[in-house]
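Chemist: So you can see what is in the structure, the chains are spelled out below.
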Amino acid sequence: MKCRKCGAKAALNMRQHRLALCAEHFLEWLPDQTQRFIQKYRMFLPEERILVAVSGGKDSLSLWDILSRLGYSADGLYIDLGIDHGTGYSTVSRQKAAAFAESHMLKLLIVDVPATLGASIPTAARLTHRGAQKPCSVCGMTKRHIMNRMARDLGYDVLATGHNLDDEAAVLFGNTLTWATGYLARQGPVLDAETGFVRKVKPFCRLYERETAAYALLRGIDYVYEECPLADGATSIFYKDVLSRMETERPGIKLAFYLSFLQARLGGFLAAPSSIAASEMHPCPACGQPTTSVDVCSFCRTWNAVRTRREAEGPGE
Amino acid sequence: MPAEMILRDKTYPIPSGMTIRHALEKIGVNPDTVLPTRDGELLTDDELIRDGDRIRLIAVISGGRSPSAGSPHGSAI
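These protein sequences, in sequence, are chains A and B.
By this note's numbering, the letter at position 228 of the first sequence is numbered 228, and the numbering carries on one by one without gaps.
By this note's numbering, the letter at position 22 of the second sequence is numbered 1022, and the numbering carries on one by one without gaps.
By construction, these hints were calculated from the structure, which means they are not laboratory data.
Since the structure is predicted, the reported quantities are computational estimates derived from the model, not experimental observations.
Please note that a few of the clues may not be correct.
[Claimed, not checked] Computed list of lysine-lysine pairs in BS3-like fashion (alpha-carbon distance at most 27 angstroms, straight line): (1) A/K2 x B/K1026; (2) B/K1026 x B/K1010; (3) A/K5 x A/K40; (4) B/K1026 x A/K9.
Work out the full structure, taking the sequences as your base and the hints as a guide.
Modeler: In structure tokens:
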């Protein structure tokens, strides 16, 4: 198969676009596409300060790489979750993120969850009702809280994450199966800033996971290849698998699913994304982040419970 | 000399002469979930497998969020 642009041997065939490209032209194409989506969805302006959430994985490091190459002012935020599971997962991913930052002369902020909050994510999941049987829930909540707090407190204009089309399609699929209209109404490439919340953007939202992985490989980005050991059996992976099987039979179906959803949302098919009135939000008395809870926010409630139970258990994880 | 495909810690012997796509179907791996490489070079799935090839498959699926992580300010990285 040959590159459509130069006729050289193709490195990647994107059946959904009927486009095959060589390594050189693919490495040009992907940043061009990213820039196109940044502008199309009005994610941010060249002068704005961006905080990129980096996990050490292919998507977030590729995004950071591309934003830097495109000339944006983008710092990284790595959240060490303290996940070991016999593989040293967090240690390895932290090393990858730090090595990338150093080699590209980029600024990386690090938040160490066990050191800051008093327990690792696996421990927190074990000790809380929220995390029982589903550590991804307490993990996601913790990351969302930290990402927003860091971006807000340090004056960043926008928080960028490496969510790709497969991520977005899987979330959309799950929320459609359960008609989670509140979530559906708010899913999109951009989540505008609200009181206490920074703007969140997903510049890779229209790029297939194969494409971001190919970019990382061809660019020589050293990313953490292993999946999070706690994600085994996660619902999102199951949905991705289902959608990928559909994609194999019908190339482009994932993209069409997501784009037609965005179109429907834009056309008012779903309720306006204002299910939570601003007046219902108030600052958490403990951490100051916005919440609808009558008392402290769910993050503070969860982690207070973790610390209390940790103390009752005594030292040692 | 037989060829083989390697995905994570599994090795699959495969006959040479078929395309990568055909071989992936044979071993039951969805072509949309992997990137085939040979000696570090990314290959398209119409590439013919040669004698002695070691085709390393890079898995591209990642995840681990609960579906509700698509929630308002939800995001995993």
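Chemist: Please work out if B/K1026 and A/K9 have their alpha carbons no farther apart than 27 angstroms.
Modeler: holds, 25 angstroms
Chemist: Has the given pair, A/K5 with A/K40, been kept, meaning a C-alpha gap of at most 27 angstroms?
Modeler: holds, 24 angstroms
Chemist: Does B/K1010 lie within 27 angstroms of B/K1026 when you go C-alpha to C-alpha?
Modeler: holds, 15 angstroms
Chemist: Are the Cα positions of A/K2 and B/K1026 separated by 27 angstroms at most?
Modeler: Judged against 27 angstroms, a Cα distance of about 25 angstroms means the pair holds.
Of the numbered hints given earlier, the model fails none.
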